[in-house]
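Enquirer: Read off the chains here:
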Amino acid sequence: MAMALPLAYASSVVNPFEAGRLSFSTKATKHKKHMYQFRKVTKVLAYYGLTNPPYKLDALEPYMSRRTLELHWGNIHRGYVDSLNKQFANRPLYGCTMEELMKTTFNNGNPLPEYNNAAEVWNHDFFWESMQPNGGRLPWGGVLDQIEKDFGSFSKFRDEFVHSAMMLFGSGWVWLVLKTNERRLSIVRTSNAVCPLVWGDIPVISLDMWEHAYYLDYKDDVSKYVDNFMDHLVSWHSATARMVRAEAFVNLGEPKIPVA
Amino acid sequence: LILCRIIRAKVTPPRLSPKACGRSAMALRTLFSKKAFTTASGFRPIAAGDRCFLRQARGLTVAALPDLAYDYGALEPAISGEIMRLHHQKHHQAYVTNYNNALEQLETAMAKGDASAVVRLQSAIKFNGGGHINHSIFWKNLKPVNEGGGEPPHSTLGWAIDTDFCSLEALVQKMNAEGAALQGSGWVWLALDKGSKKLSVETTANQDPLVSKGANLVPLLGIDVWEHAYYLQKRRNESARCNLFFWGPRHMIFVQGQMKHSPSSSPLRFTL
Chain U
8 MAMALPLAYA
18 SSVVNPFEAG
28 RLSFSTKATK
38 HKKHMYQFRK
48 VTKVLAYYGL
58 TNPPYKLDAL
68 EPYMSRRTLE
78 LHWGNIHRGY
88 VDSLNKQFAN
98 RPLYGCTMEE
108 LMKTTFNNGN
118 PLPEYNNAAE
128 VWNHDFFWES
138 MQPNGGRLPW
148 GGVLDQIEKD
158 FGSFSKFRDE
168 FVHSAMMLFG
178 SGWVWLVLKT
188 NERRLSIVRT
198 SNAVCPLVWG
208 DIPVISLDMW
218 EHAYYLDYKD
228 DVSKYVDNFM
238 DHLVSWHSAT
248 ARMVRAEAFV
258 NLGEPKIPVA
Chain D
40 LILCRIIRAK
50 VTPPRLSPKA
60 CGRSAMALRT
70 LFSKKAFTTA
80 SGFRPIAAGD
90 RCFLRQARGL
100 TVAALPDLAY
110 DYGALEPAIS
120 GEIMRLHHQK
130 HHQAYVTNYN
140 NALEQLETAM
150 AKGDASAVVR
160 LQSAIKFNGG
170 GHINHSIFWK
180 NLKPVNEGGG
190 EPPHSTLGWA
200 IDTDFCSLEA
210 LVQKMNAEGA
220 ALQGSGWVWL
230 ALDKGSKKLS
240 VETTANQDPL
250 VSKGANLVPL
260 LGIDVWEHAY
270 YLQKRRNESA
280 RCNLFFWGPR
290 HMIFVQGQMK
300 HSPSSSPLRF
310 TL
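Each protein sequence line maps, in turn, to chains U and D. Converting from the first sequence to the working numbering requires adding 7 to each position, the first position being numbered 1. Converting from the second sequence to the working numbering requires adding 39 to each position, the first position being numbered 1.
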């Protein structure tokens with residue numbers, strides 16, 4: 008039997024093939040409409056996935072326990088990714104890499120609501136890659152030369168890094184960055200989720216000084232955590248790779264080409 | 040636990056036991072004053088060492104770590120004894136020590152007229168002093184269940200909560216939401232505006248005391264959402280900030296006491 012379908016129902020089925028047609032339907036057309044219901048116009052959403060650390064969760068024992076990583080990566084990092092994706096349901100910030108997203112949402116100092124989540128996701132990705140099993144000790148080659156040039160010696164750099172970490176009030180991160188304007192390495196301390204990338208500097212190494220990063224393993228003994236990071240965890244391999252990439256953006260001076 | 044008690048009895052000064060009934064308003068004001076916090080009996084903890092006596096001799100009032108009115112393990116299972124012990128003996132003690140150091144440096148700088156040093160010390164004083172103030176309030180806000188912790192608020196405070204938040208559940212929900220939304224470290228407060236006599240939920244960052252949000256605000260209840268306050272008890276499936284277990288052992292008598300001592304310039308008068 009013929010029924011006049013309310014227009015509201017007709018338009019709720021977003022069918023481009025039927026747009027604009029009046030919807031008096033017989034049983035046959037009702038069935039056809041029912042079939043077309045599944046051909047809805049897709050909505051474009053941004054979505055970011057959680058990346059794995061480049062090592063197994065127990066690979067950093069005994070300096071960072073598996074339990075810490077399970078909670079830090081599995082719960083907290085994952086939580087930031089999930090919150091970020093939820094925020095994207097409302098706002099179409101589409102087509103950015105994580106770095107671009109962070110810079111966009113930082114909005115030159117007036118951060119958008121997505122900034123905290125985006126920055127924390129990026130920061131944690133960077134942090135996992137800043138560590139490796141059997142890490143620590145000394146850098147080599149260009150990184151070591153640059154550190155010695157900018158800090159005097161590696162031990163001075165190490166002391167300054169540890170000191171900076173201890174002086175942080177509240178939650179934050181400590182970074183070894185290559186400053187683009189000053190064209191030198193420098194140690195920067197940021198609070199909460201701020202990343203030096205938003206100021207145009209290029210981070211080389213980072214250390215998470217939020218309490219969740221060390222509390223299970225070291226309780227309140229922060230200096231031991233930082234020392235262990237410098238001695239056993241920090242990945243100078245990835246620092247070297249990052250420096251190599253950074254040199255494409257920052258002119259660190261003329262290379263010493265041997266004269267034949 | 041018994042051994043701990045004996046040791047504590049030996050080394051700590053006479054304990055404050057805030058039995059709220061019968062305590063005079065004057066004593067409460069002395070105890071809860073936000074200025075340089077000393078134990079009511081005037082004794083120093085032995086751990087503080089000689090420097091404290093020297094400071095006292097110079098007339099500089101220093102802060103001291105206040106004692107808890109209950110054992111570290113008394114708040115189980117809501118807050119574990121390990122967390123309480125670390126929180127009190129390590130974190131709060133560190134704030135007290137660093138605050139005293141900063142005060143000493145400030146005094147020196149002021150005597151020398153070194154303005155830049157005075158200003159430079161402000162962040163250390165705000166952080167460590169704020170930490171000391173906030174944690175002193177926090178210990179008083181907690182009470183074991185067998186001593187009345189966790190009971191819903193009654194009389195004036197209960198009515199005020201119902202007026203300003205519709206119900207206690209709504210207040211709990213709001214505080215949890217504010218705590219979860221806080222970025223980084225900080226505190227969630229149930230605050231009383233002295234002027235308008237209204238309750239509100241506020242958050243402060245890091246160790247900022249509540250007065251940094253408004254000079255008229257009196258903290259009634261504070262929740263520490265720094266990770267050191269709960270991370271050891273964090274379980275796998277919990278969200279990053281789960282404040283629900285803080286609401287277990289809650290001590291409302293101090294809260295009501297605070298309300299009594301807010302200047303009552305409006306028709307509303309709070310009584311204990």
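Please keep in mind that the hints were generated in silico from the structure rather than gathered at the bench. Mixed in with the good hints, there may be bad ones.
Coverage of chain D stretches by chain U, computed from C-beta distances (three or more under 8 Å per stretch; other residues unrestricted) [unchecked claim]:
id: 1; region: 193-207
id: 2; region: 210-220
id: 3; region: 256-270
A few chain U residues facing chain D, derived, Cβ under 8 Å [to be verified]:
id: 4; residue: 107
id: 5; residue: 114
id: 6; residue: 123
id: 7; residue: 177
Each computed DMTMM-like pair below joins lysine to aspartate or glutamate, with the alpha-carbon atoms no more than 20 Å apart [unchecked claim]:
id: 8; chain 1: U; residue 1: 93; chain 2: D; residue 2: 217
id: 9; chain 1: D; residue 1: 273; chain 2: U; residue 2: 65
id: 10; chain 1: D; residue 1: 129; chain 2: U; residue 2: 224
id: 11; chain 1: D; residue 1: 273; chain 2: U; residue 2: 77
id: 12; chain 1: D; residue 1: 273; chain 2: U; residue 2: 89
id: 13; chain 1: U; residue 1: 226; chain 2: D; residue 2: 217
id: 14; chain 1: D; residue 1: 273; chain 2: U; residue 2: 228
id: 15; chain 1: D; residue 1: 273; chain 2: U; residue 2: 157
id: 16; chain 1: D; residue 1: 129; chain 2: U; residue 2: 89
id: 17; chain 1: D; residue 1: 129; chain 2: U; residue 2: 77
id: 18; chain 1: D; residue 1: 273; chain 2: U; residue 2: 152
Note that the Cβ used here is the ideal one computed from N, Cα and C, for glycine as well.
Enquirer: Please go over all the hints and tell whether each is borne out by the structure.
Expert: Each hint tested on the structure:
{"no.": "1", "hint": "193-207", "in the structure": "violated (count 0)"}
{"no.": "2", "hint": "210-220", "in the structure": "violated (count 0)"}
{"no.": "3", "hint": "256-270", "in the structure": "holds (count 4)"}
{"no.": "4", "hint": "107", "in the structure": "violated (22 Å)"}
{"no.": "5", "hint": "114", "in the structure": "violated (16 Å)"}
{"no.": "6", "hint": "123", "in the structure": "holds (5 Å)"}
{"no.": "7", "hint": "177", "in the structure": "holds (4 Å)"}
{"no.": "8", "hint": "93(U) <-> 217(D)", "in the structure": "holds (19 Å)"}
{"no.": "9", "hint": "273(D) <-> 65(U)", "in the structure": "holds (19 Å)"}
{"no.": "10", "hint": "129(D) <-> 224(U)", "in the structure": "holds (15 Å)"}
{"no.": "11", "hint": "273(D) <-> 77(U)", "in the structure": "holds (12 Å)"}
{"no.": "12", "hint": "273(D) <-> 89(U)", "in the structure": "holds (19 Å)"}
{"no.": "13", "hint": "226(U) <-> 217(D)", "in the structure": "violated (26 Å)"}
{"no.": "14", "hint": "273(D) <-> 228(U)", "in the structure": "holds (19 Å)"}
{"no.": "15", "hint": "273(D) <-> 157(U)", "in the structure": "violated (41 Å)"}
{"no.": "16", "hint": "129(D) <-> 89(U)", "in the structure": "violated (34 Å)"}
{"no.": "17", "hint": "129(D) <-> 77(U)", "in the structure": "violated (26 Å)"}
{"no.": "18", "hint": "273(D) <-> 152(U)", "in the structure": "violated (43 Å)"}
Going down the numbered hints, you'll see the structure goes against 1, 2, 4, 5, 13, 15, 16, 17 and 18, while the others check out.
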